[in-house]
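Protein chains in written order, with our numbering: chain A, 2 to 583; chain B, 1292 to 1483; chain C, 233 to 333.
Keep in mind the hints are simulated off the structure, nothing from the lab.
What you are looking at is a predicted structure, and each value in this text was computed from that prediction instead of being measured.
Some hints could be false.
Mimicking DSS-like on lysine-lysine, the simulated pairs with C-alpha atoms at most 25 Å apart in a straight line are [stated by the list, open to error]:
id	chain 1	residue 1	chain 2	residue 2
1	A	Lys554	B	Lys1310
2	A	Lys66	C	Lys327
3	C	Lys327	B	Lys1379
Computed footprint of chain A on chain C; a stretch qualifies when at least three of its residues, placed anywhere within it, have a C-beta under 8 Å from a C-beta of chain A [claimed, not checked]:
id	stretch
4	234-245
5	322-330
Pairwise CB distance ranges, derived in the manner of DEER restraints [what the hints assert, rightly or not]:
id	chain 1	residue 1	chain 2	residue 2	range
6	B	Leu1337	A	Leu544	58 to 64 Å
7	B	Leu1398	A	Lys543	32 to 38 Å
8	C	Ser329	B	Ala1319	22 to 28 Å
C-beta: ideal position from N, C-alpha, C; glycine also.
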Amino acid sequence: MTGLLVPSLILVPWLGALVVWRVGDSRPKWQHGLAVSFSVLAGIVSLILIPQASSDVAFSLPMGKLFGELTFIADGLSVALAAIACVVGSLAVLFAVDYMHGEHQLGRFYTFVLLFIGAMTGLVLTSNLLFLFFFWEITALCSYALISFYNDDPKAVAGGMKALIITQFGGVGLLAGALTVFGTLGTYQIPDLLARFSELTPNLLAVMGFGFLLAAAAKSAQFPFHTWLPDAMEAPTPISALIHAATMVNAGVYLLARFYPVFEHVPGWTFAVMLVGMISALITAVMALTAMDLKRALAYSTVSQLGYMVYAIGAGGIFASQFHLLSHAVFKALLFLAAGSVIHSAGTRDMRRMGGLGKQMPFVRNVFILGALALAGLPIMNGFWSKELILEEGLLHTPLWAHIGMLIGAGLTAFYTLRMTWMVFFGEPREALHAHDAGTAMKVSLGILAVGSLTTWLLAGPFSSLLERTLPFHEFHVLTLDTLAEEIFLAPATYIALGVVALGLAISWMVRKQATGPVPAALEALSRESFGLDWLNQQVVKLMSQSASAMQKTQTGEMNWNVVGIIGALVVVLGILLWSAS
Amino acid sequence: MEIVPYVLLSLGAVFCAYKAVRSPRLLASALYLAVVSALVSVMLFLLGATEVAVIELSVGAGLVTVLLVYALSMVGEDTQDPPSYIPKPLAFVLVVAAAGLVGWMTLPMLPLPQATRDLLLVDVLWKQRALDVWIQIVLIFSGVLGILGLLTESQTVTEDEIEPEVLESVSAVIAHQEAGLHKPELAPKSEV
Amino acid sequence: MTLFNVLIVTVACLLGVGLYGLLITRNLIKIVVVLQLLVKSVVLAFVVAGNVSGHPGIGESVAATIIVADTIVAVVALALAVQVRIRFGTLDIPKISSLRG
Chain A
2 MTGLLVPSLI
12 LVPWLGALVV
22 WRVGDSRPKW
32 QHGLAVSFSV
42 LAGIVSLILI
52 PQASSDVAFS
62 LPMGKLFGEL
72 TFIADGLSVA
82 LAAIACVVGS
92 LAVLFAVDYM
102 HGEHQLGRFY
112 TFVLLFIGAM
122 TGLVLTSNLL
132 FLFFFWEITA
142 LCSYALISFY
152 NDDPKAVAGG
162 MKALIITQFG
172 GVGLLAGALT
182 VFGTLGTYQI
192 PDLLARFSEL
202 TPNLLAVMGF
212 GFLLAAAAKS
222 AQFPFHTWLP
232 DAMEAPTPIS
242 ALIHAATMVN
252 AGVYLLARFY
262 PVFEHVPGWT
272 FAVMLVGMIS
282 ALITAVMALT
292 AMDLKRALAY
302 STVSQLGYMV
312 YAIGAGGIFA
322 SQFHLLSHAV
332 FKALLFLAAG
342 SVIHSAGTRD
352 MRRMGGLGKQ
362 MPFVRNVFIL
372 GALALAGLPI
382 MNGFWSKELI
392 LEEGLLHTPL
402 WAHIGMLIGA
412 GLTAFYTLRM
422 TWMVFFGEPR
432 EALHAHDAGT
442 AMKVSLGILA
452 VGSLTTWLLA
462 GPFSSLLERT
472 LPFHEFHVLT
482 LDTLAEEIFL
492 APATYIALGV
502 VALGLAISWM
512 VRKQATGPVP
522 AALEALSRES
532 FGLDWLNQQV
542 VKLMSQSASA
552 MQKTQTGEMN
562 WNVVGIIGAL
572 VVVLGILLWS
582 AS
Chain B
1292 MEIVPYVLLS
1302 LGAVFCAYKA
1312 VRSPRLLASA
1322 LYLAVVSALV
1332 SVMLFLLGAT
1342 EVAVIELSVG
1352 AGLVTVLLVY
1362 ALSMVGEDTQ
1372 DPPSYIPKPL
1382 AFVLVVAAAG
1392 LVGWMTLPML
1402 PLPQATRDLL
1412 LVDVLWKQRA
1422 LDVWIQIVLI
1432 FSGVLGILGL
1442 LTESQTVTED
1452 EIEPEVLESV
1462 SAVIAHQEAG
1472 LHKPELAPKS
1482 EV
Chain C
233 MTLFNVLIVT
243 VACLLGVGLY
253 GLLITRNLIK
263 IVVVLQLLVK
273 SVVLAFVVAG
283 NVSGHPGIGE
293 SVAATIIVAD
303 TIVAVVALAL
313 AVQVRIRFGT
323 LDIPKISSLR
333 G
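Chain A with its partners taken away, still in its complex shape:
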């Protein structure tokens, strides 16, 4: 049964992509309908798959000696992430029915969305490192194509290019790690690596560990690669919700969690992971304070929350990080989609021009507030439970200064969340924007996500026992709802954290009138330049494109020079063979 479900989870969206593309742009109604039905079908399949999770190989396809077997393992981690990808994916597609209504080139849009959903499920389900890399690159490609969807806008094209190049840069780390595993253990299978990693020398393990960290940081937009995510906000908003909040950016966190048992004992690795998470969480929280663009503010907050997850992995709290990943996927998708309907009806992304929109769109206001409460980490929302769990892990397993840093981050999160909510929905209208409430399809997907952000914390018990049961190489202890509640409500850390959050909210409330005014110049400049790191990232992008155009000169198109290249390569290969034989 699982043997059939797992490949169908990848093939159903891909088939949908093919069908929607073939239907053609002249029949937009068909395209909307087909895209929704295929993505909802994938969502249902992914939910059916959850109870069938096991650590056994679910499906395997021999691909010859070089690639190893294309195997899929539907364990707890995989099915959870696949379900997030498919369910949030179907909700984003549903939302897009209203959001993209009347847009041109719907075929291109839906094709890449469905291709992405299939590739993302493949990424989390496969247990072959090389195919993990392939799926990783397909998601990067879809992300690029969708960021640059409005390809007559130079900002969108530049943003897509930046995202593509930076994630490729990290992908090299993943490929190097995969090839190292194959070179030393002779297999691409992840379970083999997890079982036999002690056969590798410590140096090799360290190189791989930091290579994977590089890949994860680039994919999850962590320090120092966090600058591509805000620029990716030129994408249509359902894409931002799906790819750049709920799924693809989680792939880095997934990678770190998946290989945690291997690299746990590499000296300095957990510390580096923790540090990357903490720095990302803090600096992007500061940047979110000054953002005036609604979507950029949400993007900064996404990086910040991903920083919390990475920090949790550094602290050894794999379950805490995955639990927060689940919560974050739900409430951030909700926030993005709500922001999308605001932008759709107000026609601007600039929060300085909004204000008082709550009266015109009460439904969107209500669900946005639910998402904002979850983001700020206030009790009974799902964000509260997972964030407290992370902070508690941090208190137990990381230095005190790191924990204090994350507490400050929580306070900043509360601050910018309230500022954002206030600027958009409350106060006096600053411009006469004619906003209307969301359409039916939008309301359905927003409503489902809002219910989710109220309730997904109830899944903590089943989720932890699922992970414990199906991940033989990780150490989990089952966490029932009772023990979770007990741990969180009895720990003093919770009350300190809540105090900091309340402080953040209070300060934000006091300065809410100044929120639209000019921000302190130094802070503004620092944020605009991403603390100088945007320069670094731009250098990476520039270097890549310059070397690409330099390489272009070698392609003369003259056959004689091509033959020179071929013979030269032959000489080099023969030389290496001769050298290695002696």
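Got chain A; can you put chains B and C on it based on the hints?
Showing chains B and C alone in chain A's frame:
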């Protein structure tokens, strides 16, 4: 002393190959190629690979040469042999390095053992590689189609069948080169 | 000098001459000639290798396949060359390349 014929054949083949590459006239190149092919097929025959030698002689020295001469007669010979963009020393060094390495790496292998005729070409082709043979038959068929393209299409394409923009670009090239477009000459320039 | 050495030197020399030809040739039809030369050396190498390994039949069958495949390559390449000559008036590859776009 059994190697003497091989040495002679080898020297002849390499010399003719060099002449084929360096000859300014295409027809001479084609004929030198035929000689190389014949010499190589004699070597193959002496080595005991009679079937391959026969195929090589008939196809390599026969069919390909005929086709080359026929194609040359259709296009008319380009007398000019334009010099290559590649600096001669670079080409020389690269080639010597590549061929030298190949030779150097193969030489220390085992000397020629007594060939055991346990597995004949016919057996290999029809028993062990039957699928390949069928694919080769398909390949030959596609080759025949290629010859048909060479023979028919080139004769039917006349100037009024070429699309106007191609014609324009062609005439632009002609104007640029200040040289007339050679009409395909159907009569062979020289006898085979 | 054993027989094997002579044959290997022959193969290497033919290979070298062929590669040199590929480097200096700009004429489409001459490239077909040069490719044929290269293939002669490869055919010889396969037959020799079959003899060395003690299973001449296998080497010979590969050699036969190569001859078939390369003859077809030559035929199709010649057909293309004739068409190019008729359409563009030249067989010089750099000039043909400069016509693109």
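Here is what the structure says about each hint:
1. Under the criterion of a C-alpha separation no larger than 25 Å, the hint pairing Lys554/A with Lys1310/B is inconsistent with the structure, at around 34 Å.
2. Between Lys66/A and Lys327/C, the direct Cα distance comes to roughly 45 Å. Violation of the 25 Å bound is thereby established for this hinted pair.
3. This hinted pair checks out: Lys327/C and Lys1379/B have alpha carbons roughly 21 Å apart, not beyond 25 Å.
4. Evaluation of the coverage hint for the stretch 234-245 of chain C: breached, as 0 residues show C-beta separations to chain A shorter than 8 Å, against a requirement of three.
5. Counting residues of the stretch 322-330 of chain C whose beta-carbon sits less than 8 Å from any beta-carbon of chain A gives 3, enough to reach three: the coverage restraint holds.
6. A beta carbon spacing of about 60 Å between Leu1337/B and Leu544/A agrees with the range 58 to 64 Å that was offered as a hint.
7. Distance hint check for Leu1398/B and Lys543/A: the Cβ-Cβ separation is about 50 Å, which falls outside the suggested range of 32 to 38 Å.
8. Distance hint check for Ser329/C and Ala1319/B: the Cβ-Cβ separation is about 26 Å, which falls inside the suggested range of 22 to 28 Å.
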